[in-house]
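As they're listed, the protein sequences go chains A and B. The working numbering puts the first residue of the first sequence at 12, with every later residue one more than the last. The working numbering puts the first residue of the second sequence at 4, with every later residue one more than the last.
Accuracy of the hints is not assured; some may be wrong.
Said to hold, decoys possible - Here are some of the chain B residues that sit facing chain A, going by a computed Cβ distance under 8 Å:
| no. | residue |
| --- | --- |
| 1 | A36 |
| 2 | Y38 |
| 3 | G114 |
Stated by the list, open to error - Here are a few chain A residues that sit away from chain B, every Cβ distance over 10 Å (derived from the structure):
| no. | residue |
| --- | --- |
| 4 | Q13 |
| 5 | I56 |
| 6 | G105 |
| 7 | G121 |
| 8 | E169 |
| 9 | G184 |
| 10 | Q229 |
| 11 | A238 |
What the hints assert, rightly or not - Straight-line alpha carbon distances no greater than 27 Å define the calculated DSS-like cross-link-like pairs of lysine-lysine that follow:
| no. | chain 1 | residue 1 | chain 2 | residue 2 |
| --- | --- | --- | --- | --- |
| 12 | A | K253 | A | K148 |
| 13 | B | K43 | A | K269 |
| 14 | A | K148 | A | K202 |
| 15 | A | K15 | A | K269 |
| 16 | B | K55 | B | K17 |
| 17 | B | K17 | B | K208 |
| 18 | B | K208 | A | K253 |
| 19 | B | K150 | A | K269 |
| 20 | A | K90 | A | K202 |
| 21 | A | K255 | B | K238 |
| 22 | A | K90 | B | K208 |
| 23 | A | K253 | B | K87 |
| 24 | A | K269 | B | K238 |
| 25 | A | K151 | A | K15 |
| 26 | A | K151 | A | K94 |
| 27 | B | K17 | A | K94 |
| 28 | A | K148 | A | K116 |
| 29 | A | K15 | A | K144 |
| 30 | A | K15 | B | K43 |
| 31 | A | K269 | A | K255 |
| 32 | B | K55 | A | K253 |
Think of the hints as simulated: they come from the structure by calculation, not from any bench. Glycine included, every Cβ here is placed at the ideal spot set by N, Cα and C.
Each chain, letter by letter, is given below.
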Amino acid sequence: MQFKSMVLSNVEVSPSYFRLRMTAPPTISGSQPGQFVMVRVNPAIDPLLRRPFGVFDLGTFETAYTDCGRQSFLEILYKVVGKGTALLSDLHQGDHLDILGPLGKGFTFGEPAGEKLLVGGGVGLAPLYYLAKELVKGSKVNLFAGGRNKDDVLCITEFERLGVETYVATDDGTLGTRGLVTEVFEQQLAKAGPNAMIFACGPFPMLQAVALLAEKYQVPCQVSLEAYMACGVGACLGCVVKGKNHSDSTPDYRCVCKDGPVFDSKDLLWS
Amino acid sequence: MTTPNLSVEIAGIKLRNPVMTASGTFGYGAEFAPYMSLEKIGAIVTKGLSMKPKAGNPTPRIVETPGGMLNAIGLQNVGIEAFKAEKVPFLRTIATPVIVNLYGNTLEEYGELTEIIDTIPEVAGIEVNISCPNVKQGGIVFGTDPKAAFEVVSLVRESTLKPVIVKLSPNVTDVVVMAQACVDAGADALSLINTLTGMAIDLQKRRPILANITGGLSGPAIKPVALRMVWQVAKAVQVPLIGIGGIMTATDALEFILAGATAVQVGTANFLDPSAAATIAAGIEEWLVANGVSDIRDLIGALKTDR
Chain A
12 MQFKSMVLSN
22 VEVSPSYFRL
32 RMTAPPTISG
42 SQPGQFVMVR
52 VNPAIDPLLR
62 RPFGVFDLGT
72 FETAYTDCGR
82 QSFLEILYKV
92 VGKGTALLSD
102 LHQGDHLDIL
112 GPLGKGFTFG
122 EPAGEKLLVG
132 GGVGLAPLYY
142 LAKELVKGSK
152 VNLFAGGRNK
162 DDVLCITEFE
172 RLGVETYVAT
182 DDGTLGTRGL
192 VTEVFEQQLA
202 KAGPNAMIFA
212 CGPFPMLQAV
222 ALLAEKYQVP
232 CQVSLEAYMA
242 CGVGACLGCV
252 VKGKNHSDST
262 PDYRCVCKDG
272 PVFDSKDLLW
282 S
Chain B
4 MTTPNLSVEI
14 AGIKLRNPVM
24 TASGTFGYGA
34 EFAPYMSLEK
44 IGAIVTKGLS
54 MKPKAGNPTP
64 RIVETPGGML
74 NAIGLQNVGI
84 EAFKAEKVPF
94 LRTIATPVIV
104 NLYGNTLEEY
114 GELTEIIDTI
124 PEVAGIEVNI
134 SCPNVKQGGI
144 VFGTDPKAAF
154 EVVSLVREST
164 LKPVIVKLSP
174 NVTDVVVMAQ
184 ACVDAGADAL
194 SLINTLTGMA
204 IDLQKRRPIL
214 ANITGGLSGP
224 AIKPVALRMV
234 WQVAKAVQVP
244 LIGIGGIMTA
254 TDALEFILAG
264 ATAVQVGTAN
274 FLDPSAAATI
284 AAGIEEWLVA
294 NGVSDIRDLI
304 GALKTDR
């Protein structure tokens with residue numbers, strides 16, 4: 012689906028992290044948590060390519076115009092890292108965007124009875140929020156959020172409002188436990204009951220550590236990956252990652268945009 | 004004014020309009036079907052196919068640069084057998100000509116692959132890739148030496164009854180010499196240009212951004228180079244040309260047609276907007292109506308260069 016969208020709000024929630032809410036067609040409600048959208052930040056040729064963002068939240072709101080009734084919205088949570096995201100951060104209410112999506116494969120929820128363990132680092136928390144919203148309807152959800160410092164730990168209050176139990180770790184100890192989030196996570200994982208399931212999104216080294224822990228404790232684990240992308244629909248093959256059978260003699264590449272962005276951690280090569 | 008004629012013919016392949024998709028930017032067609040009626044464009048050119056599946060290059064494979072992008076995908080593709088089994092059934096359902104882009108690792112492989120593709124009735128024509136800058140074999144080796152190009156095109160020409168289009172590289176000193184060699188070898192048409200070899204550097208890491216170090220530059224940044232090459236080649240050869248290089252709008256496409264192209268291929272624009280090719284085709288029609296041109300063919304090579 013491709014649609015024109017209007018910015019409803021674009022707020023800096025932490026230094027260099029923004030939460031952008033925009034209008035969306037009603038069909039957006041069919042999105043799976045973990046899917047992403049490709050955003051064209053402006054109609055010019057620099058930056059040229061769209062930027063991929065995980066869906067942070069979806070919902071509806073009452074419009075100011077009585078004849079319009081309720082309208083759907085889509086939210087993304089992003090960090091300003093380059094030219095594209097810098098332009099995005101300059102957008103204001105009423106500005107327009109061109110959106111492609113939702114795209115890719117999202118998270119599989121698993122049995123409601125099992126405990127759900129969410130692990131996120133920095134902007135990797137974005138797709139986990141919409142996931143948590145769905146999971147709390149039937150399961151106990153724990154969130155493990157990490158970052159270099161307190162500014163990287165985002166929207167914890169929102170998760171807590173959903174009833175999610177949250178654990179925070181920062182490299183410098185400015186929020187939560189000092190150290191890696193995966194250390195806090197392992198302590199809880201060791202205590203997790205049967206049917207537990209892990210959902211992770213964040214920087215590659217963090218995902219790598221989570222995938223190894225999942226293997227160690229024999230807990231199913233889904234990871235959501237980030238990649239440079241051009242098309243977002245599986246045509247350009249620019250965003251591939253190494254699959255579990257990859258070697259120099261037997262290459263096995265998976266497309267993040269189409270085969271993912273959510274993968275079973277066992278399907279990827281982590282070394 | 005009545006509806007203008009947009010149909011053109013490339014080496015016997017009838018196109019409802021002159022807008023095709025460029026190889027490597029449109030998958031095998033089905034990827035874009037959710038976003039655009041494939042019947043709105045002139046032809047689809049598939050991802051470059053080889054005999055065996057090819058894995059492509061390590062990552063990162065793409066990086067953006069001002070007005071363009073660099074790619075070093077390395078011709079990742081499913082191989083001819085999987086193409087026949089998995090991709091052709093979909094292509095059979097669409098009423099748009101399909102052109103298969105192919106490449107070989109050796110001269111012989113170009114011939115063998117062409118013979119197989121010759122037996123696929125759903126394929127309207129062959130585009131021979133002798134110009135990929137990202138692989139050692141099957142690409143640039145054949146595309147930069149006129150003698151090697153002559154040999155490979157002659158072999159492909161002998162191996163099929165289907166129209167043969169040769170895709171030229173801009174990474175040569177004189178594109179006209181290469182074009183002439185391909186035409187002499189029996190090419191029915193030429194498409195130009197493939198990507199320009201380029202590079203991007205991460206200053207902080209003091210490393211190239213692409214794993215392959217260099218990549219192929221595409222997008223609006225290369226349009227002036229492509230236009231110049233189409234214009235030069237159009238003056239030198241008699242076969243139809245397909246213009247490629249940074250075409251984002253109907254205006255861009257029409258400029259290529261004026262320079263001498265009979266049709267155009269849309270590449271990088273498909274990534275920005277999966278319905279770009281159809282939008283460009285519709286825009287060409289609008290322009291013809293607005294400017295009182297009743298037949299697109301009146302514009303082919305109609306560039307005025309006198310002062």
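_Hints numbered earlier in the text: which of these fail when held up against the supplied structure?_
Checked against the structure, the hints that fail are numbers 1, 3, 4, 5, 11, 12, 16, 17, 19, 20, 21, 24, 25, 26 and 27, while the rest are satisfied.
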